[in-house]
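*Asks:* Protein chains in written order, with our numbering: chain A, 207 to 716; chain B, 89 to 303; chain C, 11 to 333; chain D, 4 to 112.
In short, the hints are calculated from the structure, not lab data. Any given hint might turn out to be false.
To be verified - List of simulated lysine-lysine pairs, DSS-like, C-alpha gap at most 30 Å:
| no. | chain 1 | residue 1 | chain 2 | residue 2 |
| --- | --- | --- | --- | --- |
| 1 | C | K60 | A | K283 |
| 2 | C | K117 | C | K181 |
| 3 | C | K196 | A | K283 |
| 4 | C | K300 | B | K210 |
| 5 | A | K596 | C | K60 |
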Amino acid sequence: MSNGGSTSQHNGAGENYLTAGYGLKSWLLTTDHKRIAILYLITISIFFALGGLFAVLIRLELLTPAGDLFSSDTYNKLFTMHGLVMIFFFLIPSIPAVVLLGGVDTGWTFYAPYSEAYSNTAVGLTAIGVFITGFSSILTGLNFIVTIHKMRAPGLTWFRLPLFVWAHYATSLIMLLGTPVVAISILLVFLERVFGIGIFDPALGGDPVLFQHLFWFYSHPAVYIMILPSMGVISEIITCFSRKRIFGYSFIAFSSLAIAILGFLVWGHHMFVSSQSIYAGMVFSILTMMVAIPSAVKVFNWTATMYKGTIIYQTPMLYVFGFLGLFTVGGLTGLFLGTLGLDVHVHDTYFVVAHFHYIMVGGAIMGYLGGLHYWWPKITGRMYSEAWAKLSAVIIFIGFNLTFFPQFLVGYLGMPRRYHVYPPEFQIYHVLSTAGASVLAVGYLFPLVYLLWSLAYGEKAGPNPWQAKGLEWTIPSPPPTYNFDVTPVVTEEAYDYESMPREAQFVIEP
Amino acid sequence: MSSNHSGVVAHQFDDAVQQRETANLGMWAFLITEVMMFGGLFASYGYYRWKFHDAFVEGSNHLDYLLGATNTGVLICSSFTMALAVQAAQAGKRKSTIVFLLLTMVLGLAFLGIKAVEYTEKYEHHLIPGHGFQVASAHPNLVELFFAFYFTMTGLHALHMIIGLVVLSILVSMAWRNRFSTDYYSPVENAGIYWHFVDIVWIFLFPFLYLIGRS
Amino acid sequence: MLKDIPFLPQAASAMAGRVDLLYLFLIAVSVFFFVLVATLVFIFAIRYRKREGGADPTPIHGSLGLELLWTIIPFCLSMVMFGWGAVLYFNMFSPPEDAQNIYVVGKQWMWKIQHPEGNREIDELHVPLGASVRLIMTSEDVIHSFYVPAFRMKMDVVPGRYTSTWFKATKIGKYHLFCAEYCGTKHSEMVGSVYVMDPVEYEDWLNRSTTATKSMAEVGGELFTQLGCQTCHFEQSGGRGPSLHNLYDTPVRLMSGETVKADDGYLRQAILDPAGQVVEGYLPIMPTYKTQVDEEDVLKLIAYIKSLALPQKMSAHPAEENQ
Amino acid sequence: MSEHVIPKGVYVLIFVTLLILTLLTVEVSFWNLGILNFHMAVLIASTKSMLVILYFMHVRYKGGLTGVFVAAGFIFLGILLTFTLADLMTRGWQYQPDTSAFSMLIPPR
Ligand code: HEA
Ligand code: HEA
Ligand code: CUA
Ligand SMILES: [Cu+2]
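Pulled out of the complex, with its shape left as it was, chain A reads as follows:
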């Protein structure tokens, strides 16, 4: 394996953001966004492992139909924690911290009146946590939107922005519009608990279905917060390893916006059997179908990008392949759920569980891992072991399908979610699923090991090991404390790979 660093100006002597200032304090109080990013990366990795640990315990319990490993209360806490940690570790890592202190067992959907009247644990505390994080995610979103509108580098027109930025713009939009609503509903829950006023509790005159409306108004769009950044990552990687510009740039860009906006119109599809009016159900169903279209457009454009490219099987690209397949399955099964007559049967069964794991693990996590491998050299200045990386990508793919595909089947057979004991005829599927989860766990352990290993022993990466386009690749790896010495001027479109000289196309052999 030869190193792309041969063309680099990187001399190892200059100060970069990793070496500028040592000590815990300089890290914790840092305002350099790259350091923040590293801290963020570490935090979410820890939370991912923690969420994974809960998942493994869930899977172990489900190995047999009887509830032999944990008590039902423990199991209920497990999946609640698993869901919360996994969902919110994507957004902001501080909610889980609050949750873990308290011990909540309401399910991540906090359904009233259950969450109020019967859950004697720390909903109040969680509420405060959500409020605080909510506020910070609002500020993040706000900051991002305004920055994009007003502070782009010269020449960086809207249609020259990397698609990653578009995706983030859409994400911020969702945070800006959705978070306040969930914040206020949590406040109402809080008031209800403290003052005993019946806002959602039917015993006092309230209506639990209203809570579901307010909750899903935020939480459906929030699922797109999880997938959109990954979609952005896919656009970056697929162009780089096809050595080709993206197919249908503006369609991909606008579909992100369409997803963000339409995403606010479909929340009722979580409530088809909640005693919501069936007419509202129909409206939500038809809109759900429409929000799927922009995702379809993206999938097809990514596929078309590979046409007549020069495909390089580097690890990040393998994750892209995985993403394309698994996201498509996850998305298509989302349509099953959006189809009214069918959702009545599969709602709150393992079919739903399989759907969102296909999208979130198969889609979002694959994107996250792809991005991690893609930018690892940039962040750390080191190359990881390609062979090990490829191996674990394959293991993850296999383990993933083994874990979650059986869940579609058992879901359609009628296995409800959040069950810790179940009828024996479902066991075979659960055994398969648990077996898959073990494979998956191994697959996730590998990157942990070889990435850490590369920090010490990996080859030096040079500024642009993939010969990638994009401003971040023009500066040394790891980047210096002040990103750019001079404000860069952008004169070309994003992903203009074809115009690169052929010999510069790629240095690392696949």
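Since the structure of chain A is provided, determine the placement of chains B, C and D with the ligands on it from the hints.
*Replies:* Using the frame of chain A, we list chains B, C and D with the ligands on its own:
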């Protein structure tokens, strides 16, 4: 406000205009989140008002619409003086900026004062939800629900007023120390936008809470 | 081996086959698109892989024609899904006129079921083959969800109001009943069985099952006297309250000027919150019975009031009528 | 690009209009218009807030981007309100003898 270097352009901006526009847009984006937050409340309120119309009428009739109307007037006056303060800041008139800001604050305080009178009265009539709530009604818990919304909505609104007053007092002191110029007045402008927004919330709260079932 | 891994659950209701058909259609569409995407990715990955002497990447910006194609086709297909699903959904929540009622009360963590004939069961539901059954459900605590996979039927059971759904069993047998909405510690143990029986046997079961010495309406009638309702509600008009005879399912004019139908929900409210809807021409003097009756009592009272309605409207054994 | 400075006269005009509209909304609420009372209240409040937004908040004189932001805020607010209330208001339509009145219930505990 994004920056407090008076007259100085912070390093991530190219010039004063870009900086001002950015701050302004940021304020608008923030207000969108505020709209959505109050929106959640209005949606819940609307839901129950439709569902429990009679109880909400009853609850509403316990409110003193004259005080509500007076307060609406007071708030509109304060918006007016706020608009004049922004205008004065734009024109670089330090003294009238300060005077109008102070006037706005006085009106804001008057609003809160009247609100306090109303709250006290509710307290005396045992109309505080969850706190020995008592009302002669066929469905007291639904009337209580109305008052829960009344207090949550007006309370959140009052909180916004208080924050606004704090901001205004900072602005007064900045203006006092001559921090603003015709190039740099966006703190005043943005505080103005915020203040008007709070006014708008009240413009809806007033008829929704005080004026139902009066006919 | 493969027989142990079924693909579709048992189908035991009129709706089941229709839902499965829709499911198969969606699978067909999904397989098509999945295979399409996967094959293309696969072919491109092989055909255009980086290799000695491979062609340079060709710059392609996009193609409006293709974009339209792959927007419109999925859109049309998804509209078919919507339409098909919506029709089924509508049917699922529109019980036929002749459906017989069975009452369900969910409670942490059990299902309490009452037949109009007075039989009561816990975590079990016996129904006759071929009859349309409408479930009228409510909860005493939190939200539950009544789920019978073999019927492809599910409906949330919400405290504070009645929800309803219906089914028509088509195959004799014993089927799972699950609670599908997370409801606390023993959510996964809030399960039971549904028995679909031959109508004759069902009759038999009704008579046999010992819980039912009196019909629900009869018990309701006793309650009516016990609670003193008859002090105001006489058979003829002239009491302090209106006569409840022939009231069920007829329009009632309220003091507020509205006219509402005297259905189950209305009656429930009339008993629990009389002041909420006062009948025109009467004073709001009826006390609330909120503290004196529970959900099951209310159902019984309602059954009694129903039994006071026109005889042809009510039948003691609707199952018979269906045959 | 310097800010447009709005003449005082405009502010005064808007101010007076707002006060008049406040009186009007109180007055109208005492007329017996049935359901229309609510519509009138919303109409007047919307007019008032429109005036505040356009003139006091300078949106009329700002670039299109601010307008887009404001519109976005209202559109999404509209979505939240419409869809939530639409559920409640159409529940009674369903063919089912027993659902229409249920949404009005106070249950026992
Ligand atoms: C990242 C997260 C994510 C994403 C992106 C999605 C995307 C989608 N989701 Fe999913 N969903 C969840 C996370 C996510 N979901 C979670 C966590 C839950 C459970 C919540 C809980 O209860 O705990 C859930 C639940 C859920 C439900 C409720 C199920 C129930 O409880 O009964 C529904 C119902 O409509 C649904 C639908 C969809 C649809 C239609 C999409 C669409 O956006 C998908 C679009 C993508 C495609 C369609 C694939 C690509 C397209 C093609 C290859 C072309 C062919 C296309 C056509 C023919 C149209 N989802
Ligand atoms: C992004 C979100 C995300 C992710 C990644 C996952 C990942 C996984 N999930 Fe989860 N899941 C949810 C989101 C997610 N899940 C949500 C929202 C719910 C609903 C909760 C609710 O009902 O409220 C749910 C529910 C859920 C259930 C249903 C529980 C129930 O309804 O009863 C199951 C059951 O199999 C499950 C399994 C798994 C498995 C096997 C994985 C695997 O992919 C995990 C694999 C990961 C690991 C095995 C960890 C790897 C280990 C290391 C990296 C190193 C070790 C650590 C150190 C040395 C520190 N999940
Ligand atoms: Cu009852 Cu789950
Ligand atoms: Cu959703």
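*Asks:* Decide, hint by hint, whether the structure agrees.
*Replies:* Evaluated hints:
no., hint, in the structure
1, C/K60 - A/K283, "50 Å, violated"
2, C/K117 - C/K181, "28 Å, holds"
3, C/K196 - A/K283, "13 Å, holds"
4, C/K300 - B/K210, "28 Å, holds"
5, A/K596 - C/K60, "17 Å, holds"
Hint 1 alone, counting from the list given before, is not met by this structure.
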